[in-house]
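Novice: Listed below are the residues making up each chain.
Number of protein chains: 4
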Amino acid sequence: MAGNSFGKIFKLTTFGESHGAAIGGIIDGCPAGLSLDFEAINREMQRRKPGQSAIVTQRKEEDEVKFLSGIFEGKTTGTPIGFLIENTDQKSKDYSHIKDIYRPSHADFTYDKKYGIRDYRGGGRSSARETACRVVAGAIAKQLLKGIKITAYVSSVGEMELTEPYSEVDFSEIEKNPVRCPDAEIASEMVNYIKSIRKEGDTVGGTVSCVIQNVPVGLGEPVFDKLHAELGKAMLSINAVKGFEYGSGFAGTAMKGSVHNDSFKADGSTKTNHSGGIQGGISNGQDIYFKVAFKPVATIMQKQETIDNKGNKVTAEGKGRHDPCVVPRAVPIVEAMAALVIADFWLLSKISKI
Amino acid sequence: MAGNSFGKIFKLTTFGESHGAAIGGIIDGCPAGLSLDFEAINREMQRRKPGQSAIVTQRKEEDEVKFLSGIFEGKTTGTPIGFLIENTDQKSKDYSHIKDIYRPSHADFTYDKKYGIRDYRGGGRSSARETACRVVAGAIAKQLLKGIKITAYVSSVGEMELTEPYSEVDFSEIEKNPVRCPDAEIASEMVNYIKSIRKEGDTVGGTVSCVIQNVPVGLGEPVFDKLHAELGKAMLSINAVKGFEYGSGFAGTAMKGSVHNDSFKADGSTKTNHSGGIQGGISNGQDIYFKVAFKPVATIMQKQETIDNKGNKVTAEGKGRHDPCVVPRAVPIVEAMAALVIADFWLLSKISKI
Amino acid sequence: MAGNSFGKIFKLTTFGESHGAAIGGIIDGCPAGLSLDFEAINREMQRRKPGQSAIVTQRKEEDEVKFLSGIFEGKTTGTPIGFLIENTDQKSKDYSHIKDIYRPSHADFTYDKKYGIRDYRGGGRSSARETACRVVAGAIAKQLLKGIKITAYVSSVGEMELTEPYSEVDFSEIEKNPVRCPDAEIASEMVNYIKSIRKEGDTVGGTVSCVIQNVPVGLGEPVFDKLHAELGKAMLSINAVKGFEYGSGFAGTAMKGSVHNDSFKADGSTKTNHSGGIQGGISNGQDIYFKVAFKPVATIMQKQETIDNKGNKVTAEGKGRHDPCVVPRAVPIVEAMAALVIADFWLLSKISKI
Amino acid sequence: MAGNSFGKIFKLTTFGESHGAAIGGIIDGCPAGLSLDFEAINREMQRRKPGQSAIVTQRKEEDEVKFLSGIFEGKTTGTPIGFLIENTDQKSKDYSHIKDIYRPSHADFTYDKKYGIRDYRGGGRSSARETACRVVAGAIAKQLLKGIKITAYVSSVGEMELTEPYSEVDFSEIEKNPVRCPDAEIASEMVNYIKSIRKEGDTVGGTVSCVIQNVPVGLGEPVFDKLHAELGKAMLSINAVKGFEYGSGFAGTAMKGSVHNDSFKADGSTKTNHSGGIQGGISNGQDIYFKVAFKPVATIMQKQETIDNKGNKVTAEGKGRHDPCVVPRAVPIVEAMAALVIADFWLLSKISKI
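Top line first, the protein sequences correspond to chains A, V, Y and U.
With the working numbering as the guide, the letters of the first sequence map in order to residues 0 to 353.
With the working numbering as the guide, the letters of the second sequence map in order to residues 0 to 353.
With the working numbering as the guide, the letters of the third sequence map in order to residues 0 to 353.
With the working numbering as the guide, the letters of the fourth sequence map in order to residues 0 to 353.
So that you can see chain A by itself, here it is in the shape it has in the complex (with noise of 0.2 Å):
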């Protein structure tokens, strides 16, 4: 009942810390005969990794996946898919000098009181590093889902925000600048601010907003494993998440019914889409759309006061190298983990009636 497992029919299991010697996972229920496009699955994976710009970490990692089980001759064969992501310049000794303090606002104290031991490298297993599994996992279900088109992009960095809604924005321009705001101008004024941000050694958060288009009707399984609770849960196990919202989300609590009623046309399609793509937990053939709120990153270069494992008061400050805001980074997880759980729905879709 450890957690290190996520979907029923397409699971993920992943394990490593940011300073071992590998981190990967096991893909268990990946159906046979899918032709893998390896191209593809690097291709997310450099756009969540480290060092690719110049608003994000620069620890180099080249994040290369070997695959070690599971595919035969270019194609899944319906065993594991067992994977390994080597760590190459994990700088241990950046966090020697934390080996006893509790970090404010990271997981440091938490992880020794659950468990009585960590490993302080890097934040061990609680280094967002091990999202880098999910990418791996989220690009094979992606290919699975051949079809549905699944799109992230950062909607706000601090208070700078993109306020069209996502039926007006041009995804074609998500990937054109490093903070893979679709808008240039606004992410313009991002990266700048960001690395203001920056060079104060402070931190800042910001929201993803997230798409999936083309989604057959019937994915979900109410009561409780609605499909906005398993996305929502999804992106929640993300680093850094404080918050979801789907549809109409917090604001479509201030709205009327008769308003936020979606009318439906003759094709079974609904003329508005406060429903967010999802009635009673289960897809209706609607864009389905989201939002996730991620904190400002813990980890500032400014000094802190804290204690020690003794309850001792020290000082701590940020060594090593981290993200001055994680949600440029944080685009691919978001679609990874929207994959995942479309995955294992539409898997499971299949069986639903007779």
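Where hints are given, some of them may not hold.
Note that identical chains are pooled: a pair holds if it fits in a single copy or bridges any two copies.
[What the hints assert, rightly or not] Calculated pairs, BS3-like style, for lysine-lysine (alpha carbon to alpha carbon, straight line, at most 30 Å): (1) Lys7 to Lys92; (2) Lys59 to Lys198; (3) Lys92 to Lys148; (4) Lys255 to Lys175; (5) Lys255 to Lys302; (6) Lys255 to Lys309; (7) Lys312 to Lys255; (8) Lys312 to Lys145; (9) Lys198 to Lys302; (10) Lys145 to Lys7; (11) Lys7 to Lys74; (12) Lys92 to Lys59; (13) Lys255 to Lys349; (14) Lys148 to Lys352; (15) Lys349 to Lys309; (16) Lys92 to Lys65; (17) Lys74 to Lys255; (18) Lys352 to Lys98; (19) Lys352 to Lys309; (20) Lys145 to Lys255; (21) Lys194 to Lys302; (22) Lys90 to Lys309; (23) Lys309 to Lys74; (24) Lys312 to Lys112; (25) Lys65 to Lys302; (26) Lys198 to Lys318; (27) Lys65 to Lys352; (28) Lys98 to Lys112; (29) Lys112 to Lys270.
Keep in mind that the hints were calculated from the coordinates and are not lab data.
Dock chains V, Y and U against the given chain A, drawing on the hints supplied.
Specialist: Same frame as chain A, now just chains V, Y and U:
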């Protein structure tokens, strides 16, 4: 893999449709030896039941729980607790007119497409009547979690909002008014607003806030089953929920790390609590707090254009007895789901280390 | 993780004690659209129920199943099927004398030690009465598996054994005698033997054989969830079972590979079937056959030395109504559990490849 | 739901094919704080590894385990333990001749039909090479279960049988001979017999017996996850296993209840142990003992008539390096699987009662 179970160790499985003979469930994994306070269970049921006040649905259900197993001489035996709640006041005829009609923003369309068949009476399985079973299980979980205090309340109805942070709220006020908002004045306005909305034949959304106090350090199972990820899933699985945020939530995305970070005091507690009592997916002993967004109820007493299952345009108009706003009755449901999550992780945490 | 659920896709969870108000269960994951034959379900219940013949326990239970959900207009809806069987003829007073006593080879001692409390009436949860719920679910699974034929029969009682291989057995004979052995002559001897054993106040064990025919190729999920591993677990979970073997079984251990190997014919079928229809944990389309060992019933109508819960020596003597030999009533239970395993893997097999 | 995980709390997931780059696994749920004895793990690997003696396959694999995560400064951290065993001596060319051929009583046919694709090299995923991963996990489970002693040994090879009950066996003899039978004389005959069988190009089956001592009372989760049901599943999931019996097993079916029942002594122990240490699916503190049946290895060095994947008749003849009899190498695998089952239930039992 059908989704009618929740929890891993303390596991609830529910069954039942709104207008079937009964709804019920099985709680598997409740430790043996717990003396049950049946009156306390009943009190929770009363808080959720229909007909309890002028601002909720007037369906009359006593919601009396019959326990069929797993309890001997007032104590849990460690064997599964089977329970039943009979449906006594269902008026299925109220629904014959929507037999072939897909009501806007209901689950009629999606259930029909997913399963190829639907029990249209009262929304069938998609009805929030199912949540009565969650309240039963949650009430038992609360008793297991002696000392941990779970308190939910209405923090907004439509645009009327209680803006105080939870720490300034007087919890003793919550149950003194039918809307369960702990500020008497705002509560009174909310009640009036809900009444006026109902007169219009319309509905409105709102938010429920929840606080969990006296939580032991160490609950939550990273990396996927983070405490807040399971809380999020639990809340999003409740009917009509559109969003979830914990700690600083969406507002936290605009903050800088230097402001957002929670400094430790010598005793391991923190000066601020933007983390919402959870760091790295594990409880840190501070108060856990979160907010849940509920959309306006889809059933309105107004004519709406929609379609039937042949794609013909038809007009639907709500009949039956419905809530103009779900948040007052959602309060005990939010608490129940929170209790289920906490109970599960609390049991698991006992075997985290040797 | 309490163990009251079976199956992953087609999942049964049961509850109930021998002398509680009712026993019952929830079947979650039965595909929608299955027209149920309630008469067929009832026939299976009749095969298991007490009091059906002179050689079984004389407790009188109609074992009428009440379905409470998941079925609409005679068809499954894809939502959980809740069902109930009331206990009508429990005579708890028969058990007050064993309230504090640990009956030899019963579960009194282990339940008491594990849970610190036990419902002593009729063995509580450890009673084979629970298997009535399995027969309900198995009967539905059988209907789902149209075309697949599952047939069990008694192959030995004590030392009386039916030595013919299953392929020489006339299945139409099975239900013609109360012991459910397909050889009329041996059956008659078995009946007489069971009667004489009962007169002695004693009990005896036996074996049940089972054959599954017309199984599609491809059921089973290596490496841990091999088809025969799940069948084995299913059978071993039935009360009083001590062993399981499939195909050549224990006898096969003495064979040479050159004799044991099953040669293929051009159509993919095999000339022999020592494999028992399963190779590498996956069905190969040949008949699956296995044998299940049942110990003698622990309750005997003789005085036995034992202890009470204080460690005092006491004498126990069976009262109440008990089976002198369980195998006749175990036949439909073995079939039911086999049906649950096959249904689960059959559904899963539909998503093995793209 | 693909079946490559075992256990619920102490959970092993494995990956890898016989001739891939590596096999490996993830252990999720091992409690934190366990000091690992790597030498002890290695000793278990040596007992299973190929090439260890003249009577096993001569494939040369060092089976060195690389731990990649979940361990810090020699102790488990509570995070998932990822590990890898490289394949170094695979000779895939040995298998090119069977690329399109279905070897009798192998899993070639069923994997091909189920998945539509197969890695034919060395049997791919269906190879017993995967069990090396089980031994790794089992070795760690054994260390967790300090004080509980798990001992397996060969109790028969072909028709040569060790007839003494386990209680009369000298466990210290087991590892003194390559066949792992604790009677030196019978062991010597078995070795000679296996050698002669190998000369014939043939194979033979056998049985492995296993005893678990010092088991706490209370392990096992009725009604489906009975201790012996999980042990049975665990054993049946091992390659080549055809049967499982515990306690009195199949022989017990011929006994009368008055003989079979285990009378209690004042201290709660029993005078006899036909129950095999388990009553009602829960350990009673007495020795658990069971026997596992292994079929003769399917690969024989003789010409066999079979078919290819087009249905053409062809001749297959074993090449490569194979075991003439698996039971000597199966001994540590049986122990490992037993350790996994016991570890899982032992952890769960800590939360059975409040």
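Novice: Treating 30 Å as the Cα threshold, decide for Lys65 and Lys302: within, between, both or neither.
Specialist: neither (39 Å within a copy, 39 Å between copies)
Novice: When no copy is specified for Lys92 and Lys65, does a C-alpha distance of 30 Å or less occur within a copy, between copies, both, or neither?
Specialist: both (27 Å within a copy, 23 Å between copies)
Novice: Is it within a copy, between copies, both, or neither that the alpha carbon of Lys352 lies no farther than 30 Å from that of Lys98?
Specialist: between (55 Å within a copy, 20 Å between copies)
Novice: What label fits Lys98 with Lys112 when the C-alpha limit is 30 Å: within, between, both, or neither?
Specialist: Cα proximity of Lys98 and Lys112: one copy only (14 Å, versus 44 Å across).
Novice: Which holds for Lys65 with Lys352 at a C-alpha limit of 30 Å: within a copy, between copies, both or neither?
Specialist: between (38 Å within a copy, 23 Å between copies)
Novice: Up to 30 Å between alpha-carbons, please classify Lys255 paired with Lys175: within, between, both or neither.
Specialist: between (39 Å within a copy, 26 Å between copies)
Novice: Quick one: Lys148 to Lys352, C-alpha cut-off 30 Å, is that within a copy, between copies, both, or neither?
Specialist: both (25 Å within a copy, 21 Å between copies)
Novice: Checking Lys92 and Lys59: alpha-carbon separation at most 30 Å within a copy, between copies, both or neither?
Specialist: Only inside one copy: Lys92 and Lys59 sit 16 Å apart there, 39 Å across copies, limit 30 Å.
Novice: At most 30 Å between C-alpha atoms: does Lys312 with Lys112 qualify within a copy, between copies, both, or neither?
Specialist: within (18 Å within a copy, 48 Å between copies)
Novice: Cα distance capped at 30 Å. Does Lys112 pair with Lys270 within a copy, between copies, both, or neither?
Specialist: between (52 Å within a copy, 19 Å between copies)
Novice: Measure nothing new, just compare the shortest in-copy and cross-copy C-alpha distances for Lys349 and Lys309 to 30 Å and report within, between, both or neither.
Specialist: between (55 Å within a copy, 23 Å between copies)
Novice: Under a CA distance limit of 30 Å, which applies to Lys74 and Lys255: within one copy, between copies, both, or neither?
Specialist: neither (51 Å within a copy, 37 Å between copies)
Checked against the numbered hints given earlier, the structure breaks hints 1, 3, 8, 13, 17, 20 and 25 and satisfies all the rest.
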